[in-house]
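Asker: Protein chains in written order, with my numbering: chain A, 1 to 224; chain B, 225 to 826.
Note that these hints are calculated values from the structure, not bench results.
Hints are not guaranteed to be accurate.
Derived DSBU-like pairs: lysine-lysine, alpha-carbon spacing no greater than 35 Å straight-line [unchecked claim]: (1) B:K484 with A:K179; (2) A:K3 with B:K259; (3) B:K635 with A:K49; (4) A:K39 with B:K473; (5) A:K4 with B:K566; (6) A:K91 with B:K259; (7) B:K245 with A:K171; (8) B:K556 with A:K39; (9) A:K35 with B:K245; (10) A:K49 with B:K671; (11) B:K473 with B:K671; (12) A:K4 with B:K238; (13) B:K553 with A:K49; (14) B:K672 with A:K49; (15) B:K518 with A:K35; (16) A:K35 with B:K814; (17) B:K566 with A:K39.
Derived, one-sided and incomplete: chain A residues facing chain B with beta-carbon distance under 8 Å [unchecked claim]: (18) E14; (19) R32; (20) R33; (21) G59; (22) V218.
Computed from a prediction, not measured in an experiment: that's the story for all the values here.
Each residue gets a CB set at the ideal place from its N, CA and C atoms; glycine is no exception.
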Amino acid sequence: MEKKFRFKFSKTGEYKYFSHLDIITIITRALRRAKIRVKYSEGYNPRPKISFGPPTPLGIESSAEYCDIMVADPVSEEELALRLNDQLMGKIIIDTAMEAPPGTKNLMSQVDLIEYSVYIRGRDPASGSLEKLAEQAGEMAEFEGSIYDIESGGTIEGGEGKILKLSGYAKICKDRNPKVFKLMNFLEYLRGILVPYGLSIEKVIKEELYIFKERKKVTPFEVL
Amino acid sequence: MKDIIRLKYHELEKLLEGVQKPGRYVDHEIGVFSKDPDLLAKKASSVLVCLAFPDIYEIGMPNLGLQILYDIINNRHRFSAERAFAPWVDFEDRLRETGTRLFSLENRIFLDSFDLIGFSLQHELLYTNTLNMLDLSGIEIIAENRKPTDPLICAGGPAMVNPGPMSQFMDFVVIGDGEEIMVQVLERISKYKPEGGNKSLFLKEISKLDGVYVPSNYRFHYFENGKIQKIDPPVKVKKAILEDLDSYKIVSRPVIPNIKPVHDRYAVEIMRGCARGCRFCQAGFIYRPVRSRKAEGLIEQSIEGLENTGYDEISFLSLSTSDYKELTKLIKGILDSNRGEKLSVSLPSMRLDSFNIDIAGLIQEGRKTGLTFAPEAGSQRMRDIVNKNITEKEIMDCIDAAFSRGWEKIKLYFMIGFPDEQEEDILAIADLIKRIASKARKTMLRKKVKRFNMNVSINVFNPKPFTPFQWAAQEKIDLLEKKIQLILENVPQRYINISWSDPNRSQIECALSRGDTRLGKVIEDAWKAGAKFDNWTDLFDLNAWTGAFEKNDAAIDFYTTRGYGTDEILPWDNIDMGVKKEFLLLQYKKALEQAGSNETKE
Numbered sequence: 001m002e003k004k005f006r007f008k009f010s011k012t013g014e015y016k017y018f019s020h021l022d023i024i025t026i027i028t029r030a031l032r033r034a035k036i037r038v039k040y041s042e043g044y045n046p047r048p049k050i051s052f053g054p055p056t057p058l059g060i061e062s063s064a065e066y067c068d069i070m071v072a073d074p075v076s077e078e079e080l081a082l083r084l085n086d087q088l089m090g091k092i093i094i095d096t097a098m099e100a101p102p103g104t105k106n107l108m109s110q111v112d113l114i115e116y117s118v119y120i121r122g123r124d125p126a127s128g129s130l131e132k133l134a135e136q137a138g139e140m141a142e143f144e145g146s147i148y149d150i151e152s153g154g155t156i157e158g159g160e161g162k163i164l165k166l167s168g169y170a171k172i173c174k175d176r177n178p179k180v181f182k183l184m185n186f187l188e189y190l191r192g193i194l195v196p197y198g199l200s201i202e203k204v205i206k207e208e209l210y211i212f213k214e215r216k217k218v219t220p221f222e223v224l
Numbered sequence: 225m226k227d228i229i230r231l232k233y234h235e236l237e238k239l240l241e242g243v244q245k246p247g248r249y250v251d252h253e254i255g256v257f258s259k260d261p262d263l264l265a266k267k268a269s270s271v272l273v274c275l276a277f278p279d280i281y282e283i284g285m286p287n288l289g290l291q292i293l294y295d296i297i298n299n300r301h302r303f304s305a306e307r308a309f310a311p312w313v314d315f316e317d318r319l320r321e322t323g324t325r326l327f328s329l330e331n332r333i334f335l336d337s338f339d340l341i342g343f344s345l346q347h348e349l350l351y352t353n354t355l356n357m358l359d360l361s362g363i364e365i366i367a368e369n370r371k372p373t374d375p376l377i378c379a380g381g382p383a384m385v386n387p388g389p390m391s392q393f394m395d396f397v398v399i400g401d402g403e404e405i406m407v408q409v410l411e412r413i414s415k416y417k418p419e420g421g422n423k424s425l426f427l428k429e430i431s432k433l434d435g436v437y438v439p440s441n442y443r444f445h446y447f448e449n450g451k452i453q454k455i456d457p458p459v460k461v462k463k464a465i466l467e468d469l470d471s472y473k474i475v476s477r478p479v480i481p482n483i484k485p486v487h488d489r490y491a492v493e494i495m496r497g498c499a500r501g502c503r504f505c506q507a508g509f510i511y512r513p514v515r516s517r518k519a520e521g522l523i524e525q526s527i528e529g530l531e532n533t534g535y536d537e538i539s540f541l542s543l544s545t546s547d548y549k550e551l552t553k554l555i556k557g558i559l560d561s562n563r564g565e566k567l568s569v570s571l572p573s574m575r576l577d578s579f580n581i582d583i584a585g586l587i588q589e590g591r592k593t594g595l596t597f598a599p600e601a602g603s604q605r606m607r608d609i610v611n612k613n614i615t616e617k618e619i620m621d622c623i624d625a626a627f628s629r630g631w632e633k634i635k636l637y638f639m640i641g642f643p644d645e646q647e648e649d650i651l652a653i654a655d656l657i658k659r660i661a662s663k664a665r666k667t668m669l670r671k672k673v674k675r676f677n678m679n680v681s682i683n684v685f686n687p688k689p690f691t692p693f694q695w696a697a698q699e700k701i702d703l704l705e706k707k708i709q710l711i712l713e714n715v716p717q718r719y720i721n722i723s724w725s726d727p728n729r730s731q732i733e734c735a736l737s738r739g740d741t742r743l744g745k746v747i748e749d750a751w752k753a754g755a756k757f758d759n760w761t762d763l764f765d766l767n768a769w770t771g772a773f774e775k776n777d778a779a780i781d782f783y784t785t786r787g788y789g790t791d792e793i794l795p796w797d798n799i800d801m802g803v804k805k806e807f808l809l810l811q812y813k814k815a816l817e818q819a820g821s822n823e824t825k826e
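Start from the sequences and build out the full structure, keeping to the hints where you can.
Answerer: As structure tokens, this is what we get:
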């Protein structure tokens with residue numbers, strides 16, 4: 001009896017300060033507390049069959065953390081999420097769990113794009129600098145050849161001045177594409193552009209992961 | 225009622241930008257208690273305690289004492305305990321640059337808003353970090369300079385059994401087992417706080433309790449030669465003893481660190497105290513009498529703890545685990561309960577003999593990686609002097625048993641600088657290391673020999689208070705260095721890695737542990753000269769310390785390489801640790817006789 005599941009959780013608030021490895025330990029311990037037994041691989045050095053999506057840099061919030069596990073007990077999708085959430089005590093929240101057909105490729109080899117939102121604050125809306133920046137989005141997408149696309153999500157009113165949302169799709173390093181997108185390098189580059197405009201980065205969120213399927217980008221759940 | 229002032233989350237976010245391991249400065253672990261401080265503040269009888277650990281989060285969190293006190297205090301509804309650790313140097317810089325005071329993890333309460341700050345001092349090289357944490361909190365380091373509204377400051381732990389050197393910084397010191405005494409102290413804070421916080425009345429009240437030492441009650445008088453003339457009043461403070469360990473359950477819901485701590489496992493104390501009597505070992509004397517938990521309760525509570533935490537490793541702690549009578553029952557009980565899940569059991573402080581190798585085999589099925597073994601000395605003569613009861617035959621039988629059963633790695637602990645140590649004794653260490661290595665390589669499976677690996681750790685002997693060697697002199701630094709060299713020259717280092725402690729640092733540790741009240745000024749000046757994290761090789765600043773000793777006309781040698789006279793008043797003579805001075809002296813004389821008798825034989 002074994003079942004493969006894929007579940008999604010977010011890493012927000014204080015949890016952005018814990019590394020990818022820390023989060024793996026936290027989830028693994030929660031699985032043990034929830035008495036959900038993870039299958040182990042055969043062989044000399046058995047390892048639990050659990051794998052995670054691409055790591056999120058320290059200090060960045062994420063609503064798109066994914067985990068694949070092979071479970072040895074007969075649990076349902078709802079039960080898996082419920083039991084894990086009970087054990088995580090609201091510190092991390094599993095929002096969806098889905099059963100994955102046997103043979104589903106693991107996340108790291110499937111994922112093609114990571115979507116980040118960068119919120120940029122302009123304190124002086126009259127200057128029109130946010131709008132000028134939005135027009136520049138296409139140019140920014142040239143960054144190190146590792147970005148698939150950047151779109152402007154328009155501006156919203158917020159506190160002092162306005163906030164512009166940029167949505168960027170970073171390419172994941174695969175064999176065909178040796179360029180690795182480094183978020184921290186990109187943010188440094190972006191800050192360089194923002195300074196003359198008097199703009200600043202408000203926050204950065206990892207929004208979603210995408211996989212190309214028949215030339216369309218779909219989420220890790222949609223691909224199942 | 226004083227206001228409870230807190231750091232806001234967005235301020236924390238700003239502070240943590242670019243800081244390494246920001247997870248050290250936030251809580252949100254499983255098992256954390258976070259009581260609403262504003263709600264607590266409305267109750268006049270509530271007490272807000274900060275458990276301060278003057279080292280980084282990763283080192284502080286596995287400390288069992290911290291977890292025990294956190295659990296006991298927070299399980300009482302009137303009391304709340306939050307944690308604070310020493311910020312690493314990068315975060316300290318950030319705090320100082322921005323003028324932000326140190327705050328607790330749970331509710332980010334600035335430390336000066338607490339009623340009580342209790343420091344856990346595990347060793348003397350944390351003294352400067354303690355001052356640094358007070359200073360970062362905006363609190364005067366000297367007790368008598370503090371304002372009535374400041375928190376009470378106390379300390380406990382093995383590095384406070386001689387309270388002398390740290391006494392000018394502490395309102396009171398806790399000696400002995402903390403479980404009961406902590407609650408008694410908090411009850412008295414709760415009683416005296418509403419009455420306008422009369423500190424001197426409160427200190428008078430708690431000084432009646434066993435285990436509470438109030439430094440301001442004592443005056444030390446010194447002779448011109450630096451020795452103590454008189455301690456006034458001649459009243460000893462008895463250490464607090466928890467008679468029955470089983471009267472408190474083990475912590476079944478500990479705080480589970482979110483960032484990887486130095487020991488990442490479920491720690492359970494099975495026994496407190498040790499009856500072995502190794503004459504250099506302070507823990508062996510200050511934690512007496514020996515008390516055990518019953519295996520039955522331990523099994524039940526450990527299983528509960530493992531289920532609550534999700535740990536896959538449990539560690540049974542004591543000073544000498546092989547002396548625990550129900551060890552086999554305990555291990556079987558735990559392993560039997562845990563069918564189907566992977567669980568490893570670790571037993572630090574095992575005396576290694578063939579019987580225990582069988583036990584070790586039982587718990588490490590398939591994962592026979594490393595064994596730790598402490599012969600301490602190389603020659604039988606020296607092992608007799610220090611009362612380390614193990615023979616060379618026993619050592620070799622144990623190596624034989626372990627390596628023929630599949631072990632590949634071993635770690636050995638030795639100590640140098642013992643009383644009456646001769647060159648032959650040092651050469652005997654090198655010799656024993658070589659013989660152990662060759663025995664192991666001969667015994668182990670041939671295909672595994674390539675993986676053979678041995679680590680040897682050489683520590684410097686520090687005569688410590690409340691041990692039979694408390695009067696002994698520490699070896700001179702140049703001699704210690706020569707001895708280390710001698711070992712290095714005589715051991716082939718192809719598959720043997722040797723590490724050793726820095727004699728310069730050991731001398732400071734020794735001076736602080738055997739120091740008197742006058743060293744308070746030295747600690748203060750060393751800290752002002754930049755000393756902190758003294759236990760970290762790359763941060764230890766010898767000049768800060770030698771400068772501080774010089775500035776105060778104090779000689780380090782007076783506290784280290786000088787043997788203390790057996791008729792001298794010792795700086796810790798006003799503390800009653802339960803072990804009689806006459807007994808220690810008898811043991812010391814025995815050691816000296818053993819040294820002498822062997823010399824005549826040669």
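Asker: Work down the list of hints and note, for each, if the structure agrees.
Answerer: A quick look at each hint next to the structure:
no., hint, verdict
1, B:K484 with A:K179, "31 Å, holds"
2, A:K3 with B:K259, "40 Å, violated"
3, B:K635 with A:K49, "33 Å, holds"
4, A:K39 with B:K473, "34 Å, holds"
5, A:K4 with B:K566, "20 Å, holds"
6, A:K91 with B:K259, "16 Å, holds"
7, B:K245 with A:K171, "27 Å, holds"
8, B:K556 with A:K39, "25 Å, holds"
9, A:K35 with B:K245, "30 Å, holds"
10, A:K49 with B:K671, "30 Å, holds"
11, B:K473 with B:K671, "47 Å, violated"
12, A:K4 with B:K238, "41 Å, violated"
13, B:K553 with A:K49, "33 Å, holds"
14, B:K672 with A:K49, "29 Å, holds"
15, B:K518 with A:K35, "28 Å, holds"
16, A:K35 with B:K814, "57 Å, violated"
17, B:K566 with A:K39, "11 Å, holds"
18, E14, "4 Å, holds"
19, R32, "4 Å, holds"
20, R33, "4 Å, holds"
21, G59, "7 Å, holds"
22, V218, "33 Å, violated"
In summary, the numbered hints that this structure violates are 2, 11, 12, 16 and 22.
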